[in-house]
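J.: Protein chains in written order, with my numbering: chain E, 1 to 261; chain R, 262 to 608.
Derived by calculation from the structure, the hints in this document are not laboratory data. Incorrect hints may have been included.
[To be verified] In silico DMTMM-like links for lysine to aspartate or glutamate, alpha-carbon gap of 25 angstroms or less:
no., chain 1, residue 1, chain 2, residue 2
1, E, 79, R, 274
2, E, 79, R, 341
3, E, 79, R, 331
4, R, 469, R, 484
5, E, 84, R, 331
6, E, 82, R, 274
7, R, 556, R, 587
8, R, 365, R, 341
9, E, 85, R, 274
[Stated by the list, open to error] Footprint (simulated), chain E over chain R, 3 or more residues, beta carbon under 8 angstroms:
no., region
10, 364–371
11, 402–414
12, 521–527
C-beta atoms are modelled at their ideal positions from N, C-alpha and C, and glycine is treated no differently.
Chain by chain, the residues run as shown.
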Amino acid sequence: MKQMDRMGWLFLGLGLPLILLLTLPLINMTTQPSLSMLKETILDRDVAAAIARSILLSLAAAGLAFVMGTPLAYLLARKDLKGKKLLEGIIDLPIMIPHPVIGIAILSLAGRNHPIGRFLSEAGIQIMGTKTGIVCVLLFVGLPFYINTVKSGFDSVPVRLENASRTLGAGALATFARITFPLTWRHMILGIIMCTARSISEFGAIVIVAYHPMTAPVMIYERFTAFGLKYSQPIAVWLIFISFVLFVILRMLSRSIHTDR
Amino acid sequence: MIQLRNICLHLPEFSLTDICLEVHSHNFFALIGPTGSGKSLLLEGIMGIMPFTSGSLIFEGSDITRVPVENRQLALVYQDFALFPHLDVTQNILYGTRYHHISKQEARHRFDYLIAALGLEKILRRYPYNLSGGEKQRVALARSLILNPKLLLLDEPLSALDPVFHDEARSLLKKVHKDLKMTIIMVSHNFEEVLYLANRGAIIRDGKIMQQGRIQTLFEKPDSRFTARFVGMKNIAAFEPHGDVLKIAGTDLDIVAETLPAPDHHHLGIRPENILFHPPDTPPVCKNHFTGKIKDIALYGVFTRVHMDVQGVLFEAVWPRNLVNEFCLEIGKTAAFKFHSASVHTF
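Please construct the entire structure, taking both the sequences and the accompanying hints into account.
T.: What follows is the structure in structure tokens.
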């Protein structure tokens with residue numbers, strides 16, 4: 001490792017406030033609740049269910065992003081589509097739009113006043129106040145993170161390797177399965193992590209589409225407004241802790257498979 | 262035999278125009294041209310990776326112009342070999358066998374033959390990142406040859422190799438062609454390696470075929486200034502015919518050629534290795550005998566390139582280094598040289 005020179009120390013000094021800004025509130029919050037309070041909180045069935053719901057629905061949204069977003073990311077990386085830049089801009093939109101606006105947009109589309117809403121309702125699909133609605137919102141906000149990560153993975157695989165596979169007799173699908181996928185699955189895992197992370201933290205859009213069934217961020221907000229800081233903090237600590245463990249496991253899984261090869 | 266009939270391929274920034282070629286079975290055919298001339302694009306077109314805009318590609322009597330890449334029964338070895346980085350050497354070599362209806366027994370038989378023939382026994386479990394350039398080339402060759410392709414396409418197979426592996430790899434290609442009696446089309450910008458490997462070839466420039474035929478003919482009888490320069494012919498000058506001699510335009514220099522030039526020929530060229538040193542104090546024995554002032558001497562290993570000025574015309578000769586030392590040839594001194602009339606080529 002290179003030793004720090006004067007410029008290194010200067011840059012560290014400039015970056016230090018940012019590190020403190022990120023770490024101090026989190027350290028303070030995670031050390032505030034007592035162990036007995038943390039234990040009491042996790043034994044609360046509503047809290048455990050809300051945390052589990054947040055994680056499972058986020059993973060479901062990431063799963064859908066994997067199934068439907070992977071082909072789309074491949075097309076964006078490989079093909080010269082008309083309106084490609086426009087499509088990329090649309091995919092990035094959820095990063096920029098205020099999240100309550102996303103909730104309102106989805107709700108207005110899924111409402112009885114809209115043909116799509118009426119169609120969904122007749123098909124027995126409810127968006128307002130359901131897990132389906134929550135997954136819909138989470139997919140909306142998490143998709144740009146999945147698609148952009150996986151697209152950069154596809155970009156990193158030389159087209160020449162796919163062409164070489166075709167010259168050896170493999171068709172397009174076989175080439176994707178035997179060359180492209182094995183070389184990009186780590187990007188897909190990273191995309192799933194990014195999409196899940198973004199989804200777990202979502203509040204603004206969910207609170208409009210589905211206040212109930214309650215996800216962890218909505219419950220933290222509810223406990224905060226109804227009972228104050230002291231009762232919302234332990235849920236936040238558990239959410240951070242469980243999410244952290246989940247992401248570490250996913251990262252380790254990705255790395256261990258890589259090492260085995 | 263493969264025939265390219267009036268092939269065109271238009272890209273936004275480059276085009277192949279009206280390409281007509283014939284490559285007969287068991288030939289080692291070279292597509293030669295400078296960087297950016299379109300030779301690799303033509304190879305990808307033959308393989309089917311880049312679809313031709315018009316024209317037809319006939320292979321063994323069948324039109325394969327619209328046949329998908331994977332069904333063409335051809336094989337392509339890329340310049341950087343394009344080995345699959347997540348597969349080891351064995352997996353790379355066997356990759357295509359499942360798509361060519363090759364039984365496991367037959368695949369194993371061909372695999373054993375190729376790893377012995379190409380000397381790959383010790384690296385079968387290694388991954389591409391752990392292979393030298395020469396080893397990568399042999400693996401890429403084995404990966405294609407195991408499919409027993411009817412036509413093997415090679416895209417600058419030697420250019421990515423270190424000089425250490427270059428000669429070895431060149432000999433290997435020669436051996437593969439000889440032993441397997443395979444038809445090969447190779448892309449190259451290096452005329453020396455083409456001379457060693459190929460028996461026929463075509464010179465391509467800006468997406469057009471400039472000249473095609475036997476390699477030796479391309480080398481000795483280029484039909485344009487571009488081809489002449491590309492095959493290493495120097496001493497190119499415009500001439501005007503005066504009776505039996507060719508007068509270099511704007512000078513009094515008379516050059517004697519073995520045969521009279523065709524009416525549409527206006528340039529002559531002499532290969533630098535055909536310009537022979539004439540020792541001082543010996544009588545001229547050749548009609549093309551000149552004395553020039555040495556303008557430059559450049560060392561190229563055991564050879565030197567000597568540039569001599571005769572009446573404002575610069576002649577370039579390639580002479581052994583020890584000859585230059587023996588006769589104390591230096592810049593500013595004079596040197597006599599000669600060349601046979603058979604060495605004078607017009608176009």
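J.: Give a verdict on every hint.
T.: The hints, checked one at a time:
1. 79(E) with 274(R): 18 angstroms, holds
2. 79(E) with 341(R): Between residue 79(E) and residue 341(R) the Cα gap is close to 23 angstroms, so the pair holds against 25 angstroms.
3. 79(E) with 331(R): At roughly 19 angstroms apart (the allowed maximum being 25 angstroms), residue 331(R) and residue 79(E) satisfy the hint.
4. 469(R) with 484(R): Distance ~15 angstroms between residue 469(R) and residue 484(R) Cα, so the pair holds.
5. 84(E) with 331(R): Status violated; Cα separation ~28 angstroms.
6. 82(E) with 274(R): 19 angstroms, holds
7. 556(R) with 587(R): Holds, at about 18 angstroms.
8. 365(R) with 341(R): Violated. Residue 365(R) to residue 341(R) sits at ~29 angstroms, over the 25 angstroms cutoff.
9. 85(E) with 274(R): 21 angstroms, holds
10. 364–371: violated (count 0)
11. 402–414: It holds: at least three residues are needed, and the region 402–414 of chain R offers 3 whose Cβ sits within less than 8 angstroms of chain E.
12. 521–527: Violated: only 0 residues of the region 521–527 of chain R have a Cβ under 8 angstroms from chain E.
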